[in-house]
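K.L.:
Sequence:
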Amino acid sequence: MAEGVPAPGKAELDRAGWCGLAHLNPSDAPIFILQGEHDFGSAATAVATKISDSAPCNGSVIAAFFTLTEAKTGGTGDDDTCISTDSGASTKLTGEVELDMSDTVYKNALGSVVGVAPSATPTFSKGDDIYAYTNAQTTRGAGKYNVVIVCKKTS
449 MAEGVPAPGK AELDRAGWCG LAHLNPSDAP IFILQGEHDF GSAATAVATK ISDSAPCNGS
509 VIAAFFTLTE AKTGGTGDDD TCISTDSGAS TKLTGEVELD MSDTVYKNAL GSVVGVAPSA
569 TPTFSKGDDI YAYTNAQTTR GAGKYNVVIV CKKTS
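Numbering of the sequence shown is given in the numbering used here, commencing with residue 449 and proceeding in unit increments.
Please keep in mind that the hints were generated in silico from the structure rather than gathered at the bench. We treat Cβ as the ideally placed atom computed from N, Cα and C, and that holds for glycine. Just so you know, not all the hints are guaranteed correct.
The following label-pair restraints were derived from C-beta to C-beta distances [claimed, not checked]:
(1) Ser502 x Val553: 20 to 28 Å
(2) Thr493 x Asp577: 31 to 39 Å
(3) Gln483 x Gly575: 36 to 44 Å
Here are the computed lysine-lysine pairs in the DSS-like style, where the Cα-Cα straight-line distance is at most 30 Å [as the list claims (entries may be wrong)]:
(4) Lys498 x Lys574
(5) Lys600 x Lys498
(6) Lys592 x Lys498
(7) Lys540 x Lys592
(8) Lys498 x Lys555
(9) Lys498 x Lys540
(10) Lys540 x Lys601
(11) Lys555 x Lys574
(12) Lys555 x Lys600
(13) Lys540 x Lys600
(14) Lys574 x Lys540
(15) Lys601 x Lys574
(16) Lys555 x Lys592
(17) Lys498 x Lys601
(18) Lys574 x Lys592
(19) Lys555 x Lys540
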């Protein structure tokens, strides 16, 4: 078989282009991914973590997924986390994910994954900062999410 020629019955694909995913160069594809770690357990106050330090293009959130990488400890209430274009969560791009620390089977278990749908206004502009935001919980001492945001380029 000649070098660079796929075997019979095998297609050679540039999967990033084929899927429309370009997490390294979002301006070239209609769908892209933003990812980061959100250490909401680092303080009992509200915590905002910048996931994107300047959106690469105008876009819209399709969905966000949160994987628990450190179980929550401390606090007496549930934690609510969302995706927002500001550090105070006044401009929410998604609904909220609630972490019930007493639910050690599904929500407060290492490796658990929860997803959230976009809000009524899930759009952001090129250059916007995008945050994961978790509300304050007294005496909270630990908790981390790996955050994956699936976005669609709008213009």
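K.L.:
Each hint needs a verdict: does it hold in this structure or not?
P.N.:
Consistency of the hints with the structure:
1. Ser502 x Val553: 20 to 28 Å: Since the Cβ atoms of Ser502 and Val553 sit about 39 Å apart, the hinted range of 20 to 28 Å is violated.
2. Thr493 x Asp577: 31 to 39 Å: Taking Cβ atoms as reference, Thr493 and Asp577 lie about 19 Å apart, which means the hint is violated.
3. Gln483 x Gly575: 36 to 44 Å: Hint violated: Cβ distance 19 Å, outside 36 to 44 Å.
4. Lys498 x Lys574: holds, 15 Å
5. Lys600 x Lys498: holds, 19 Å
6. Lys592 x Lys498: Given that 30 Å is the threshold and the Cα spacing comes to 14 Å, the pair holds.
7. Lys540 x Lys592: Distance ~20 Å between Lys540 and Lys592 Cα, so the pair holds.
8. Lys498 x Lys555: Within the cut-off at roughly 23 Å; holds.
9. Lys498 x Lys540: Holds, at about 14 Å.
10. Lys540 x Lys601: Measuring from Cα to Cα gives roughly 18 Å; hence the hint holds.
11. Lys555 x Lys574: violated, 33 Å
12. Lys555 x Lys600: holds, 27 Å
13. Lys540 x Lys600: OK: Lys540 and Lys600 at ~16 Å, within 30 Å.
14. Lys574 x Lys540: Holds, at about 16 Å.
15. Lys601 x Lys574: holds, 10 Å
16. Lys555 x Lys592: holds, 12 Å
17. Lys498 x Lys601: Judged against 30 Å, a Cα distance of about 19 Å means the pair holds.
18. Lys574 x Lys592: Holds. Lys574 to Lys592 sits at ~27 Å (cutoff 30 Å).
19. Lys555 x Lys540: holds, 22 Å
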